[in-house]
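Residue numbers (this note's numbering), protein chains in the order written: chain A, 24 to 520; chain B, 2 to 99.
Be aware that one or more of the hints could be misleading.
Cross-link-like lysine-lysine pairs, in silico, DSSO-like; alpha carbons within 30 Å at most [stated by the list, open to error]:
hint : chain 1 : residue 1 : chain 2 : residue 2
1    : A       : K118      : A       : K489
2    : A       : K118      : B       : K15
3    : A       : K348      : A       : K260
4    : A       : K260      : A       : K489
5    : A       : K489      : B       : K15
6    : A       : K348      : A       : K118
7    : A       : K260      : A       : K441
8    : A       : K260      : B       : K15
It is worth saying that the hints were derived from the structure and are not from the lab.
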Amino acid sequence: MDDLIRRSARELADLLQSGAVSAREVAVAHLDRIAEVDERVHAFLHVDRAHTLTQADDIDARRRAGEQMGPLAGVPLALKDVLAMRGQPTTCGSKMLEGWRPPYNATVVQRLLDNDIVILGKTNMDEFAMGSSTEHSAYGPTHNPWDLTRIPGGSGGGSAAALAAFEAPLAIGTDTGGSIRQPAAVTGTVGVKPTYGAVSRYGLVALASSLDQPGPCARTVEDTAMLHMAIAGHDPKDSTSLDMPWPDMVAAAQRRDLAGVRVGLVRELGGEGFQAGVRQRFDEAVALLTSLGADVVEVSCPSFDYALAAYYLILPSECSSNLAKFDGMRYGLRVGDDGDHSVEQVMGLTRAAGFGPEVTRRIMLGTYALSSGYYDAYYGSAQKVRTLIQRDFDAAFATCDVLISPTSPTTAFPLGSKLDDPLSMYLQDVATIPVNLAGNAGMSLPIGLAPEDGLPVGLQIIAPIKGDARLYEVGGALEAALHAAWGHGILAEAPAL
Amino acid sequence: MSGITRAEVAHLAKLARLTLTDEQLDHYAEQLSVIIESVARVQEVAGADVPATSHPVPLVNVLRPDVVQPGLSNLDALAMAPAQEDGRFRVPRILDEE
Chain A
24 MDDLIRRSAR
34 ELADLLQSGA
44 VSAREVAVAH
54 LDRIAEVDER
64 VHAFLHVDRA
74 HTLTQADDID
84 ARRRAGEQMG
94 PLAGVPLALK
104 DVLAMRGQPT
114 TCGSKMLEGW
124 RPPYNATVVQ
134 RLLDNDIVIL
144 GKTNMDEFAM
154 GSSTEHSAYG
164 PTHNPWDLTR
174 IPGGSGGGSA
184 AALAAFEAPL
194 AIGTDTGGSI
204 RQPAAVTGTV
214 GVKPTYGAVS
224 RYGLVALASS
234 LDQPGPCART
244 VEDTAMLHMA
254 IAGHDPKDST
264 SLDMPWPDMV
274 AAAQRRDLAG
284 VRVGLVRELG
294 GEGFQAGVRQ
304 RFDEAVALLT
314 SLGADVVEVS
324 CPSFDYALAA
334 YYLILPSECS
344 SNLAKFDGMR
354 YGLRVGDDGD
364 HSVEQVMGLT
374 RAAGFGPEVT
384 RRIMLGTYAL
394 SSGYYDAYYG
404 SAQKVRTLIQ
414 RDFDAAFATC
424 DVLISPTSPT
434 TAFPLGSKLD
444 DPLSMYLQDV
454 ATIPVNLAGN
464 AGMSLPIGLA
474 PEDGLPVGLQ
484 IIAPIKGDAR
494 LYEVGGALEA
504 ALHAAWGHGI
514 LAEAPAL
Chain B
2 MSGITRAEVA
12 HLAKLARLTL
22 TDEQLDHYAE
32 QLSVIIESVA
42 RVQEVAGADV
52 PATSHPVPLV
62 NVLRPDVVQP
72 GLSNLDALAM
82 APAQEDGRFR
92 VPRILDEE
């Protein structure tokens, strides 16, 4: 059954529907793969084999009984450990929530279960989704399946590595500044940050509420579209959820016609600081888009030069407020409750013990940016930059259908190499952050391997707010052309684990 | 606008309820200074006429019908409490002793 783990979600769905395989067989193949390779990859924080098989058996029983099933029924998925799942550990990669089992399901999780998607386990991540390497997980880093000495990206490195290591065909990520797209880029997988409000944030442990967005991850554009359809849609439990009908993303992924599509090359995203091999593969992809009939033009978004600075004021500000709830009173870690310490002392001791260095850094940065005397200069100015970035996007989308850039300035860097240099780590997200600040939709898909290190390079496609289907139209067409040229998907080139 | 002092970091840590060691305060003072110096450039670009954006896709007056719905049960809410007593969260003393 080794073959099953290399199938796309679409292929598995077809096999399951025809009765050629059972959900249990598919789940067992993936659980066995996890048992075989995850000691080295460490994509998962928690796997509950019995729970997974119970869900698979239930799906098989209902299918045998003739029940009408959803298109992804029986296909397995890896869930980022930042989404609440009733009765299952949900740590957010933090000691603060070690052993916590949520009393409810996130809306995304409920939709996965309603669609009979089989949940294999919870994936590793930077603590509370802060980081670009998964090294800030309190439970140790995830390793990139392409080279186990390198980072898998972050914060959703566990979800991306699970896909690249063939431990799961589908995964859920969350993207606040690039946490779906950058891991996708450095692992040779596909990830989409939907328009802000497209996928419910209910039950997502918040990092920065005005930036966070859950989204689908997979190995192909079409699989990503199928998962997108399963999780998107209005949720009354999230007051920022968009109440609107969405076009069929799967049909968009299958269209494969770029004639006359106007593609904007963002001048500010891709020059200085971008690795030579990343630029080379990106330039080739641009030429390929042109040969497919797209009309590629250069556009300028001058405010993007200030996006990183604005982001590292807005995000810490929101995070210092959101993470105030972890005070050791109602759930999670409590330290120093010995009868002598006051409640304030217990809170201080709990938070110092429960949060790692990056979380501590950002909470203090946010506390600084929001403190009286600095509020206008820092948080206020950053919010104005956000307006300028939105205006740049508006101007660019007046002449373009989508915008493109490299997803990440570099390929996967060695574990440990940026750990104590926060600014250098933050630069990983320089091309993805403007999308979160403006609320747009973005995709990363693999476009080749950098010649100098043989590691995957990702291309980012950006669509306007509510224009998510355009990501799939352009991504699907580009992927089909690349696969035709290569004769296979990019992960066929990955070394055996 | 660079150079955040250890005393300032100690104040931030107090506000954020983080009990840090002197060594940690020094370490974060150094790192926060570098980061703050780098992000201070947001002040260069936007004039007074540019409005602030707090939310990328603003929605207003999002309300649900005023109908009673089931919430979390007492049992579920307390299930993960670090300490509980008589169906309530048990917390350390709130008031200082005289």
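Status of the hints after comparison with the structure:
Annotation: proposed proximity of A:K118 to A:K489 is violated, straight-line Cα distance about 37 Å (limit 30 Å). In summary, the hint linking A:K118 to B:K15 is supported, as the alpha carbons are separated by about 21 Å, within the 30 Å threshold. Straight-line distance between C-alpha atoms of A:K348 and A:K260 comes to about 19 Å, which keeps the hinted pair within the 30 Å bound. Distance hint between A:K260 and A:K489 is fulfilled; the C-alpha atoms sit about 20 Å from each other, no more than 30 Å.
Under the criterion of a C-alpha separation no larger than 30 Å, the hint pairing A:K489 with B:K15 is inconsistent with the structure, at around 42 Å. For the given pair, A:K348 sits about 15 Å from A:K118 by alpha-carbon distance, which is consistent with the 30 Å threshold. Among the hinted pairs, A:K260 with A:K441 is inconsistent with the structure: their alpha-carbon atoms are about 39 Å apart, more than 30 Å. About 34 Å separates the Cα atoms of A:K260 and B:K15, which puts this hinted pair outside 30 Å; it is violated.
Hint compliance for this structure: hints 1, 5, 7 and 8 are not met, and every other hint is.
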